[in-house]
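Q: Spelled out from the first residue to the last, the chains are:
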Amino acid sequence: MMNYIWVGLVVISVVCGALTGTISDVLDSVFAFAGTAVEIAFGLIGVMAFFCGLMNVMEKAGLCEKLGRLISPLMRKLFPEIPPDHPANSAMALYFAANILGIGNAATPFGLKAMAELQKLNPTKDIATNAQCMLMAISTTSITLIPVTVMALRSAVQVEGAAEIIAPVIIATTVSTVTGVVCTLIFQNMKRWKWENVIEEEMAADTLQLNENYEGTNPIVLPEKVEKTEKAEEQKDDAAKQQ
Amino acid sequence: MTAILETISVWAIPLLIAFVALYALYKKVPVYSTFTEGAKQGFHTSIMIIPYLTAMLCSIGMFRASGAMDYVTQLLAPITELIGLPAEVLPMGIMRSFSGGAAEGLMADLLATHGTQSQIGRIASVALGSTETTFYVIAVYFGAVGLSKTRHCVAAGLLGDLASLVAAAVIVNLMWF
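Read top to bottom, the protein sequences are chains A and B. Under the numbering used here, the first residue of the first sequence carries the number 1, and numbering increases by one thereafter. Under the numbering used here, the first residue of the second sequence carries the number 1, and numbering increases by one thereafter.
In case anyone wonders, no lab produced these hints; they're calculated from the structure. Keep in mind it's a predicted model, so treat the numbers as computed, not measured. Built from N, CA and C at the ideal position, the CB exists for glycine as well. Accuracy of the hints is not assured; some may be wrong.
[Stated by the list, open to error] Label-pair distances were calculated between CB atoms; the ranges are: (1) A:Thr217 to B:Gly115: 55 to 61 Å; (2) B:Ala18 to A:Ala205: 58 to 64 Å; (3) A:Leu70 to B:Val140: 25 to 31 Å; (4) A:Thr207 to B:Gly115: 52 to 58 Å; (5) B:Leu15 to A:Glu201: 51 to 57 Å.
[Claimed, not checked] Result set (SDA-like, lysine to any residue): computed pairs, CA atoms no more than 25 Å apart in a straight line: (6) A:Lys66 to B:Gln41; (7) A:Lys66 to B:Tyr23; (8) B:Lys40 to A:Lys191; (9) B:Lys149 to A:Pro123; (10) B:Lys40 to A:Glu65; (11) A:Lys194 to A:Tyr214; (12) A:Lys113 to B:Leu15; (13) A:Lys113 to A:Leu70; (14) A:Lys77 to B:Val154; (15) A:Lys77 to A:Glu196; (16) A:Lys191 to A:Val178; (17) A:Lys194 to B:Ala144; (18) A:Lys194 to A:Thr217; (19) A:Lys113 to B:Gly100.
[Claimed, not checked] Now the stretches of chain A that chain B is said to cover, found in silico as 3 or more residues with beta-carbon under 8 Å: (20) 27-34; (21) 76-88; (22) 130-138; (23) 165-171; (24) 182-192; (25) 213-221.
Put together the whole structure using the sequences plus the hints.
A: See the structure below:
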């Protein structure tokens, strides 16, 4: 993907430069921007180092756990399928807390742990559950209070007003996260994406892969097994009703 | 409104620094050494992005110098103007969903060219800071547990990215322009 974009940019520039007679400007910009790139990167070292230092203090002081406990009631609303005492809850709370505080390098391991815990509650091997999609909706739209990289990049160009974007970022990221969450809530009940429909489709196509490490209480029963006893059939119906 | 938001921007970090420092001391964390240890990580992160910044800044610099960027922005302007978004920001907005490093490179270029406190510079900053690299995040987390059927994840993530871009334009225009 990036290959095509990058090659496209470079080739179009040379062709366009040749056609419009700006090829010498194109040449100059290669050298000028190669220098600018390093200047910017060096310019942001200080700010990045400072905030990574601060984030490390936050993490070691246990602020993540504290914030995680604060937001757990809200999480129960967003993840109704997850049993309240399941370890997925605490992993996700820590993940969101680390994201809010901007502790990127701590957030990733928490996020991976949260996803692995959610996978234990996924009756299938390769189809994302509603909870997993909700976790992704919140991650991809980001929830952050301090946009460290953006501030560092801004301060590398001009120190004055580098932090002026904090309040607008908090509003914009709230808008994007709410949009992502609302879209997820709507999409997960649409015909095309609804969990039960996806499972049915996969079953019909005989491509459904079950999760051998499933730990939940509501496993999917494959049709062959159902035919063996009527009891299993009934269980499956009950399960469908419960869902 | 602008005054309140600017006050929040100015006070957020100093208060956070003071609070974290005091709280950590209260929790008996060796604050100074913990800070310097974390700062080392920041140094590595900055050096790590040099290759990406160079690749993106040089190619986008060539693209602009050749005049191709002018054609693209002229083409896009009628669409983006509907929400008060300068067309120059759109390439970065699109790249945001695919590659964080490339989007950062594009923003660095916008900041260096138009200034950090210009309309373009501010909108680009807010848009970049308010969302994540959708495709990367989904690839990392779903890849880690072997999920390949993502259902509505990509659609929701991309709509979230679009919302952040629109919100960035609206908020920055309301606050400053």
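Q: Each hint should be assessed against the structure and marked as holding or not.
A: To see whether the hints hold, each was checked on the structure:
1. A hinted range of 55 to 61 Å for the beta carbons of Thr217 (chain A) and Gly115 (chain B) is consistent with their spacing of about 58 Å.
2. For Ala18 (chain B) and Ala205 (chain A), the hinted distance range of 58 to 64 Å is satisfied, since their beta carbons lie about 59 Å from each other.
3. About 26 Å separates the C-beta atoms of Leu70 (chain A) and Val140 (chain B), a value consistent with the hinted range of 25 to 31 Å.
4. A hinted range of 52 to 58 Å holds for the C-beta pair Thr207 (chain A) and Gly115 (chain B), which are about 54 Å apart.
5. The given range of 51 to 57 Å is respected by Leu15 (chain B) and Glu201 (chain A), whose C-beta atoms sit roughly 52 Å from each other.
6. As the CA atoms of Lys66 (chain A) and Gln41 (chain B) are separated by approximately 24 Å, the hinted pair is consistent with the 25 Å bound.
7. For the proposed pair Lys66 (chain A) and Tyr23 (chain B), the alpha carbon gap of about 12 Å is at most 25 Å, so the pair holds.
8. At roughly 50 Å between alpha-carbon atoms, Lys40 (chain B) and Lys191 (chain A) are farther apart than 25 Å, so this suggested pair is violated.
9. Pair hint Lys149 (chain B) plus Pro123 (chain A) holds up; C-alpha atoms about 13 Å apart against a cutoff of 25 Å.
10. Taking the CA atoms of Lys40 (chain B) and Glu65 (chain A), the gap is near 24 Å; set against the 25 Å cutoff, the hint holds.
11. A distance of roughly 20 Å separates the Cα atoms of Lys194 (chain A) and Tyr214 (chain A); the hinted pair therefore holds under the 25 Å criterion.
12. With a C-alpha separation of about 31 Å, the suggested pair Lys113 (chain A) and Leu15 (chain B) falls outside the 25 Å cut-off, and the hint is violated.
13. Between the alpha carbons of Lys113 (chain A) and Leu70 (chain A) the distance comes to roughly 20 Å, so the proposed pair stays at or under 25 Å and holds.
14. A threshold of 25 Å between alpha carbons decides the hint, and for Lys77 (chain A) with Val154 (chain B) the separation of about 22 Å falls inside it, so the pair holds.
15. The hinted pair formed by Lys77 (chain A) and Glu196 (chain A) meets the criterion: a straight-line CA distance of about 21 Å does not exceed 25 Å.
16. The straight-line distance between the Cα atoms of Lys191 (chain A) and Val178 (chain A) is roughly 22 Å, inside the 25 Å bound, and the hint therefore holds.
17. Between Lys194 (chain A) and Ala144 (chain B) the CA atoms are separated by roughly 23 Å; this keeps the pair inside 25 Å, and the hint holds.
18. The straight-line distance between the Cα atoms of Lys194 (chain A) and Thr217 (chain A) is roughly 20 Å, inside the 25 Å bound, and the hint therefore holds.
19. Note on Lys113 (chain A) and Gly100 (chain B): the hinted pairing holds, with a Cα-Cα distance of about 23 Å set against a maximum of 25 Å.
20. Coverage of the stretch 27-34 of chain A by chain B holds [criterion: at least 3 residues with CB-CB distance below 8 Å; count 6].
21. Counting residues of the stretch 76-88 of chain A whose CB lies closer than 8 Å to any CB of chain B gives 0, which falls below the minimum of 3, so the coverage claim is violated.
22. By the rule of at least three residues with a Cβ nearer than 8 Å to a Cβ of chain B, the coverage given for the stretch 130-138 of chain A holds, with 5 such residues.
23. For a cut-off of 8 Å, the count of residues in the stretch 165-171 of chain A with a CB near a CB of chain B stands at 7, and the three-residue condition holds.
24. With 5 residues having a Cβ less than 8 Å from any Cβ of chain B, the stretch 182-192 of chain A passes the three-residue criterion, so the hint holds.
25. Counting residues of the stretch 213-221 of chain A whose C-beta sits closer than 8 Å to any C-beta of chain B gives 0, which falls short of three, so the coverage hint is violated.
Against the hints set out earlier in the document, violations occur for numbers 8, 12, 21 and 25.
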